[in-house]
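**Q** Residue-level listing of the chains:
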Amino acid sequence: MSRKLSKYFFNFVCLLVYIFLLAPIVVILLSSLTTTEYIVFPPEGLTLRWYTELIEHPEFMQSFTLSIIVAFGTAIISTAIGTLASLAVVRRQFKGKTAIVQLVGSPLLIPSVVFGVALLQFYSWIGLAASPLALILGHIILTVPFVMRLVVASLVGFDRSIEQAALNLGAGPMKVFFQITLPIIKSGVIAGAIFAFITSFDDLTVALFIVSTDVVTLPVRIYTYMQYQYDPIITSVSSIMILFTVVLMLVIERVLGVGKVFSSKN
Amino acid sequence: MQAGIGTEHDLLLQQKKKNLNKKRLDTWLLLLPTLGIFIFFFLLPLFFLFITSFKNFDASTGVGNEWTLQNYIKFMSDPFYLGVVWRTVKIALLTTLITIMISYPVAFQISRSKGRTRNYLTLLVLSPLLISMVIRCYGWVILLSNNGVVNNTLLKLGWIDQPLTLLYTELSVVIGMVHVLFPYMVLSIMGSLEKIDPSVIRASQNLGASSFRTFFSILLPLTLPGVFAGSVMVFSLSVSSFVTPAILGGPQVKVMSYLTYEQVAVMLNWPYGGAIGFLLILIATITIIAYSKILARSEKGVAIQ
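Listed in order, the protein sequences are those of chains H and W.
Using UniProt numbering, the letters of the first sequence map in sequence onto residues 1 to 266.
Using UniProt numbering, the letters of the second sequence map in sequence onto residues 1 to 305.
Misleading hints may appear alongside valid ones.
Straight-line distance between alpha carbons at most 20 Å, and here's what the computed PhoX-like set of lysine-lysine pairs gives [claimed, not checked]: (1) H:Lys-175 / W:Lys-22; (2) W:Lys-114 / H:Lys-7; (3) W:Lys-74 / W:Lys-254; (4) W:Lys-22 / H:Lys-97; (5) W:Lys-23 / H:Lys-175.
Keep in mind the hints are simulated off the structure, nothing from the lab.
Here the structure is a predicted model, which means the values were calculated and not measured.
Using the sequences provided together with the hints, build the complete structure.
**A** Laid out in structure tokens, this is it:
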């Protein structure tokens with residue numbers, strides 16, 4: 001009897017935690033539908049007005065496009081160079097390997113705000129102005145550690161006799177890489193790319209220091225907008241971003257399976 | 001004849017050496033892009049900021065020409081700034097404790113579930129990681145503001161007469177941080193829960209131990225490494241996090257990361273901002289080192305993971 005009771009209590013506690021997790025997201029989605037001029041929850045009346053009003057705010061669309069470009073650039077470059085470096089780290093013996101592994105992993109330990117400040121100072125010294133490239137370079141630093149963790153994990157325990165077989169059969173090293181190695185470590189590489197994309201798309205801290213008045217990523221745009229205004233526009237922009245993420249996840253689920261992506265993470 | 005063998009042998013050796021050199025060369029080629037970007041856009045900038053933190057402040061250019069320790073001395077001798085350090089650590093500690101308490105049951109439930117349910121629960125727990133942190137924090141602004149959801153509900157229920165000040169307090173920062181960092185803890189605890197043989201739990205129950213007893217004598221000790229690893233991750237992430245305190249605390253709840261931002265972006269005092277930043281790195285690093293020390297020690301006593 002008491003065991004059953006404690007089980008109910010346990011499930012109730014878990015339910016509360018799930019509500020806690022979803023609350024801020026649900027609140028944003030629903031309050032974007034309000035007819036009032038201010039944010040209110042639960043929404044009063046239902047309207048899509050705040051979505052159509054976005055047309056009068058082209059700056060959000062510009063920022064969205066910029067964020068997508070930066071995130072794509074970051075994901076592609078980070079994954080490419082991170083995969084190459086992982087190959088060297090896993091398969092080759094060389095001097096200073098530990099130091100290099102530590103260097104590449106250290107952005108996870110350095111607070112992004114300090115890195116952002118350092119990068120801003122450096123950019124202003126070398127005269128690199130705010131641009132997609134400037135943002136991508138910063139985001140590569142933030143994302144390579146993740147990419148390398150995932151790719152290294154999928155390279156460890158890789159049966160190299162398959163590659164040797166292909167080499168013996170006369171395939172060139174390039175062909176071996178693209179036709180044998182890459183397909184086998186695919187899930188790690190794709191998980192790395194997705195992680196890099198999301199991290200870059202989400203980054204506020206580093207971008208906050210690099211952006212200028214013309215080059216503003218979406219998180220920075222939202223952050224600065226909500227410092228001054230409290231109207232439901234923000235909730236509709238945020239809802240679109242949430243829906244965008246959900247769609248992205250569904251696509252990934254279809255193509256890869258979410259379980260796969262996350263299981264390769266551990 | 002003998003000479004022929006000799007040259008063949010030499011040829012083979014040469015070939016081997018060539019291969020080795022070639023291998024060494026392409027090892028560095030593989031590393032070059034990553035290493036180059038890290039040296040130029042990570043090490044150098046941080047190194048320059050480190051140097052800047054030992055310079056004096058110049059109102060016109062930001063960075064002066066004189067060398068000084070003043071930035072560090074100023075920070076460590078001023079009660080206001082020490083208060084900020086204490087607040088940063090306090091918020092991180094609270095966040096870690098609360099995260100442990102709410103992640104444990106969830107991790108346990110997920111590790112016990114199977115098939116579909118398990119996939120959905122995992123997705124539910126991890127989904128916050130995929131949604132922009134700015135947006136999640138903004139959701140909390142709507143929930144916690146003076147005429148927000150929480151206050152309105154409490155007013156309607158008649159539990160309070162006046163709206164409580166929830167937003168821009170240490171409480172709101174802690175709530176936001178717990179929400180952001182929760183998935184890391186769940187993953188970490190789940191990792192060690194899954195290594196426990198279910199028969200151990202059944203044995204304890206069959207021998208008549210209460211759920212309470214089973215938890216404290218069996219589950220908790222066996223999952224401590226996971227809890228510990230998760231705690232360090234959550235602690236160090238929350239000490240250095242910027243987005244959550246900036247949105248849910250703002251200037252009212254200054255933590256070290258916000259102070260760094262403010263000194264550089266508002267006061268334009270680069271040297272001082274740099275010094276605060278490096279002290280922040282110091283705190284985060286000390287945590288990690290202390291953690292690996294403790295972990296190494298406990299590994300001798302208990303078999304970990």
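**Q** So which of those numbered hints doesn't the model satisfy?
**A** none
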